[in-house]
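Asker: Work out the full structure: start from the sequences and follow the hints.
Sequence lines, in order, name chains A, B and C. Here the first sequence is numbered in this note's numbering, starting from 28 and rising by one per residue. Here the second sequence is numbered in this note's numbering, starting from 28 and rising by one per residue. Here the third sequence is numbered in this note's numbering, starting from 28 and rising by one per residue.
Everything labelled a hint here was simulated from the structure, so no lab data went into it. Possibly wrong hints are sitting among the right ones.
Stated by the list, open to error - Straight line, CA to CA, 25 angstroms or less: simulated BS3-like cross-link-like pairs of lysine-lysine:
1. C:K339 x A:K339
2. A:K312 x C:K222
3. A:K362 x C:K362
4. A:K363 x B:K363
5. C:K363 x A:K363
6. A:K321 x A:K339
7. B:K72 x A:K222
Listed below are the residues making up each chain.
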Amino acid sequence: MNFSALMIAEYLGGVVEGDPQTTVDRFAKIEEGSAGALSFMANPKYENYLYTTDSSIVIVSQDFSPAGPVKATLIRVPDAYSAFAGLLRLYEQSRPKPTGVSPQAAIAADVAVPANCYVGEFAVVSEGVSLGENVAIYPHSYIGQGVKIGAGTTIHAGVKIYEGCVIGENCTVHAGAVIGADGFGFAPEGEDYAKIPQIGNVVIEDNVDIGANTCVDRATMGSTVIRRGVKLDNLIQIGHNVEIGENSVVAAQAGMAGSSKLGRGCMIGGQVGLAGHLTLGDGVKMGAQSGIDKDIEAGSVLLGSPAMPVMKFHRAWAIFRNLPELVARVNALEKK
Amino acid sequence: MNFSALMIAEYLGGVVEGDPQTTVDRFAKIEEGSAGALSFMANPKYENYLYTTDSSIVIVSQDFSPAGPVKATLIRVPDAYSAFAGLLRLYEQSRPKPTGVSPQAAIAADVAVPANCYVGEFAVVSEGVSLGENVAIYPHSYIGQGVKIGAGTTIHAGVKIYEGCVIGENCTVHAGAVIGADGFGFAPEGEDYAKIPQIGNVVIEDNVDIGANTCVDRATMGSTVIRRGVKLDNLIQIGHNVEIGENSVVAAQAGMAGSSKLGRGCMIGGQVGLAGHLTLGDGVKMGAQSGIDKDIEAGSVLLGSPAMPVMKFHRAWAIFRNLPELVARVNALEKK
Amino acid sequence: MNFSALMIAEYLGGVVEGDPQTTVDRFAKIEEGSAGALSFMANPKYENYLYTTDSSIVIVSQDFSPAGPVKATLIRVPDAYSAFAGLLRLYEQSRPKPTGVSPQAAIAADVAVPANCYVGEFAVVSEGVSLGENVAIYPHSYIGQGVKIGAGTTIHAGVKIYEGCVIGENCTVHAGAVIGADGFGFAPEGEDYAKIPQIGNVVIEDNVDIGANTCVDRATMGSTVIRRGVKLDNLIQIGHNVEIGENSVVAAQAGMAGSSKLGRGCMIGGQVGLAGHLTLGDGVKMGAQSGIDKDIEAGSVLLGSPAMPVMKFHRAWAIFRNLPELVARVNALEKK
Chain A
28 MNFSALMIAE
38 YLGGVVEGDP
48 QTTVDRFAKI
58 EEGSAGALSF
68 MANPKYENYL
78 YTTDSSIVIV
88 SQDFSPAGPV
98 KATLIRVPDA
108 YSAFAGLLRL
118 YEQSRPKPTG
128 VSPQAAIAAD
138 VAVPANCYVG
148 EFAVVSEGVS
158 LGENVAIYPH
168 SYIGQGVKIG
178 AGTTIHAGVK
188 IYEGCVIGEN
198 CTVHAGAVIG
208 ADGFGFAPEG
218 EDYAKIPQIG
228 NVVIEDNVDI
238 GANTCVDRAT
248 MGSTVIRRGV
258 KLDNLIQIGH
268 NVEIGENSVV
278 AAQAGMAGSS
288 KLGRGCMIGG
298 QVGLAGHLTL
308 GDGVKMGAQS
318 GIDKDIEAGS
328 VLLGSPAMPV
338 MKFHRAWAIF
348 RNLPELVARV
358 NALEKK
Chain B
28 MNFSALMIAE
38 YLGGVVEGDP
48 QTTVDRFAKI
58 EEGSAGALSF
68 MANPKYENYL
78 YTTDSSIVIV
88 SQDFSPAGPV
98 KATLIRVPDA
108 YSAFAGLLRL
118 YEQSRPKPTG
128 VSPQAAIAAD
138 VAVPANCYVG
148 EFAVVSEGVS
158 LGENVAIYPH
168 SYIGQGVKIG
178 AGTTIHAGVK
188 IYEGCVIGEN
198 CTVHAGAVIG
208 ADGFGFAPEG
218 EDYAKIPQIG
228 NVVIEDNVDI
238 GANTCVDRAT
248 MGSTVIRRGV
258 KLDNLIQIGH
268 NVEIGENSVV
278 AAQAGMAGSS
288 KLGRGCMIGG
298 QVGLAGHLTL
308 GDGVKMGAQS
318 GIDKDIEAGS
328 VLLGSPAMPV
338 MKFHRAWAIF
348 RNLPELVARV
358 NALEKK
Chain C
28 MNFSALMIAE
38 YLGGVVEGDP
48 QTTVDRFAKI
58 EEGSAGALSF
68 MANPKYENYL
78 YTTDSSIVIV
88 SQDFSPAGPV
98 KATLIRVPDA
108 YSAFAGLLRL
118 YEQSRPKPTG
128 VSPQAAIAAD
138 VAVPANCYVG
148 EFAVVSEGVS
158 LGENVAIYPH
168 SYIGQGVKIG
178 AGTTIHAGVK
188 IYEGCVIGEN
198 CTVHAGAVIG
208 ADGFGFAPEG
218 EDYAKIPQIG
228 NVVIEDNVDI
238 GANTCVDRAT
248 MGSTVIRRGV
258 KLDNLIQIGH
268 NVEIGENSVV
278 AAQAGMAGSS
288 KLGRGCMIGG
298 QVGLAGHLTL
308 GDGVKMGAQS
318 GIDKDIEAGS
328 VLLGSPAMPV
338 MKFHRAWAIF
348 RNLPELVARV
358 NALEKK
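Answerer: Take a look at the structure:
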């Protein structure tokens with residue numbers, strides 16, 4: 028990559044401020060920039076770096092007015108962050124992708140691998156697996172019997188997908204994720220527990236991202252369902268028969284117990300826990316480390332464990348911090 | 028599978044109510060039923076589905092009286108849930124199991140693999156490993172030197188068992204679990220930390236289930252012990268020298284720090300954390316997201332972080348939610 | 028191993044109290060000792076075991092005075108724990124290490140493997156990988172393109188390292204850890220989310236330990252950095268562009284969101300959560316299950332979620348536990 032400010036501005040439909048012949052050959056964060064780097068500045072928190080950065084070109088929003096002299100060439104666009112992200116995607120797409128089917132992979136005889144798929148070393152693709160076009164399966168992945176993987180989906184190294192699960196198109200599953208292990212179902216039998224067989228599966232729709240070492244358990248019966256556009260971060264636990272609505276986003280280390288239903292467009296913070304058999308409406312937002320043990324209405328914004336409306340939590344916590352003071356006031360009143 | 032209500036009722040020792048010739052060929056949850064499906068209804072919360080389900084047969088408890096007309100054929104049994112679970116187990120047992128030893132597995136020359144074992148592609152079985160009858164080792168599993176695995180145990184894809192660990196009979200270890208990695212032991216040396224070698228092992232007794240991506244660390248010396256009948260969910264952390272008593276159940280993402288001892292028949296909720304060197308008595312129940320930093324008496328039912336008796340926590344939390352109101356009352360008193 | 032008390036005392040520069048010819052052939056915890064075992068006693072909490080242990084030799088601190096008769100031979104040293112740890116390390120070093128390069132590993136043609144490295148079965152070492160002397164790569168590990176691994180580092184079974192990441196010297200990465208998966212970066216586009224490509228990498232410096240199934244995400248741009256001497260336990264989440272300062276220690280299941288910076292010599296408890304874009308100073312200590320949502324000054328000792336100074340938390344919590352009593356007092360005041 029070696030592009031001038033002019034070329035970039037033309038591609039983005041932006042305006043150059045400074046030397047249009049300045050060239051860059053890489054991306055950098057504005058606070059880590061050096062000569063030849065292209066950066067962006069969208070968050071005002073980072074504005075001070077604009078005046079000191081060594082990056083050669085910085086993309087900024089068209090209505091931004093610098094408070095001082097700027098050494099870098101600026102490119103002004105309607106939305107600096109989104110323009111920059113677009114360039115990153117362009118770069119990402121230009122990078123070489125692994126190709127071909129390794130002779131060291133173990134692919135069942137009945138599986139048809141489309142010509143443009145990648146299957147890495149020591150991957151296992153079992154009987155009855157169906158693969159779409161442009162599927163990439165990295166080394167050490169295990170694709171159980173009868174699994175379906177849609178076109179354009181990438182399965183990173185060491186992912187384990189148990190039999191009968193379904194993965195949609197244009198999904199990304201990161202290393203070490205486990206899809207379709209048994210749900211945690213045991214029935215007491217005296218002092219022991221008897222296993223409830225988990226004969227359902229996992230269905231992941233299109234455009235879903237699953238983070239590293241995240242676990243999505245198979246359903247007892249029916250399906251655990253991750254709807255289209257859902258983004259799951261790393262080390263998340265999704266219990267059996269859970270259903271996550273379209274375009275919901277779940278941060279790392281959150282957990283959802285069996286049979287809970289999450290609406291569309293929800294945002295679940297890191298380390299949040301949901302009890303089982305709950306229903307959360309569309310657009311619910313749960314702050315990090317919250318815990319939920321009852322149904323939640325659409326649009327709620329909650330925090331705490333057990334969770335409560337976020338502003339209510341903050342007001343209560345502000346008093347909690349100073350409870351000794353409140354006790355002192357009650358002591359004083361009692362003395363009177 | 029294609030069974031009539033009569034055949035199922037005879038097998039279960041139940042009574043048919045409706046057409047005994049109705050047949051089913053699959054299982055379904057009552058709320059997802061369709062013609063040809065067998066369901067059950069045990070939890071009153073799901074009773075309303077009984078009157079609308081399309082399932083052809085529903086197993087119910089013998090003393091259940093429907094509040095309205097039911098389209099499905101009913102089979103009445105003493106315990107609907109347990110009867111249904113029994114049928115699921117019957118079905119599960121009838122499914123074909125993987126068999127044989129893959130020529131693509133790497134099995135050390137000194138290991139005797141009983142004829143009825145399964146060893147999948149790219150599994151590694153190291154020197155000195157001992158395998159019982161009917162052991163199943165799925166692809167990409169790593170069985171370290173000298174590991175013992177008891178009869179009837181299933182090791183799912185990508186499980187890593189470090190050297191010298193012992194797994195009992197009829198256990199199930201789900202994909203990505205790590206058994207016997209080093210305990211987290213470091214001693215300060217000036218500003219650095221020096222590693223304390225972890226020369227012990229992990230001992231897992233019979234009938235234990237270990238969830239996907241769960242980690243059980245080896246002991247510094249001696250053994251980390253998971254007693255018979257214990258059920259561990261996914262993404263759990265078990266520190267070095269921990270001991271978990273018989274038939275205790277631990278939900279996903281809980282963690283137990285080094286040298287803690289858990290009694291028999293305990294129930295530990297999701298995302299619970301135990302500090303190190305604690306002793307919890309038999310039958311302790313910890314609500315989800317609780318934190319424990321001291322020894323706990325047998326039979327305690329706790330919640331919160333730090334944990335307290337569950338009812339006490341709920342009473343305190345109810346006031347916490349409304350602390351601003353309490354402050355207002357104190358303000359009013361002070362004004363008088 | 029078969030050593031006399033005299034030999035051990037000479038090696039440690041200690042003094043024997045009892046029979047110098049007593050021999051031991053293994054290590055044991057003092058509470059699990061048997062004839063022929065070597066134990067230590069450093070923590071007064073374990074002193075009572077000293078009088079009942081069957082271990083043949085016990086290492087104690089030179090200034091320890093027993094409160095009663097001791098059957099075992101004692102060896103007195105300046106620091107019992109550190110002396111014992113030194114013996115464990117000596118033992119550990121004497122154990123045979125795996126060696127050689129498995130013909131069943133897949134090593135790219137352009138990779139030079141130093142003669143004293145170990146590469147296990149079904150390991151994948153991709154194009155452009157650089158390996159130092161004495162590197163050990165266990166089975167099923169995946170080393171992506173262009174990864175650098177420094178001398179003396181051990182990569183346990185099933186570790187996944189994405190392309191372009193850098194691991195220092197004398198590091199240990201435990202089974203199932205994932206280094207360099209994509210950071211969790213998505214930009215809203217209407218109701219959908221568009222992926223922000225993560226084109227940075229992970230840089231792990233020397234003497235770092237990474238626990239089993241821990242995830243360290245690659246940077247969006249630049250590097251996620253784990254400085255020398257850092258110790259990460261199991262199942263930890265490290266977000267993109269995080270930086271962890273030298274010799275900081277993080278307990279299991281903690282999580283740090285994107286772009287947070289942790290100082291040197293910090294101690295982060297189990298299941299702690301850090302929000303993104305925070306700065307924590309040197310020597311910060313966070314109690315287990317704490318949550319942080321703002322910058323923290325060097326040397327702070329915090330607890331709670333949101334976190335506050337640890338003593339302040341304990342005082343507030345002590346009142347929280349008994350809030351119903353406080354309400355009763357306010358009720359009584361109002362009646363007057």
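Asker: If a hint holds in the structure, say so; if it does not, say that too.
Answerer: Each hint, compared with the structure:
1. C:K339 x A:K339: holds, 21 angstroms
2. A:K312 x C:K222: holds, 20 angstroms
3. A:K362 x C:K362: It holds: about 15 angstroms lies between the C-alpha atoms, which stays within 25 angstroms.
4. A:K363 x B:K363: Holds, because 11 angstroms separates the two Cα atoms, which is no more than 25 angstroms.
5. C:K363 x A:K363: Within the cut-off at roughly 11 angstroms; holds.
6. A:K321 x A:K339: holds, 17 angstroms
7. B:K72 x A:K222: Holds, because 23 angstroms separates the two Cα atoms, which is no more than 25 angstroms.
Hint compliance for this structure: no hint is broken.
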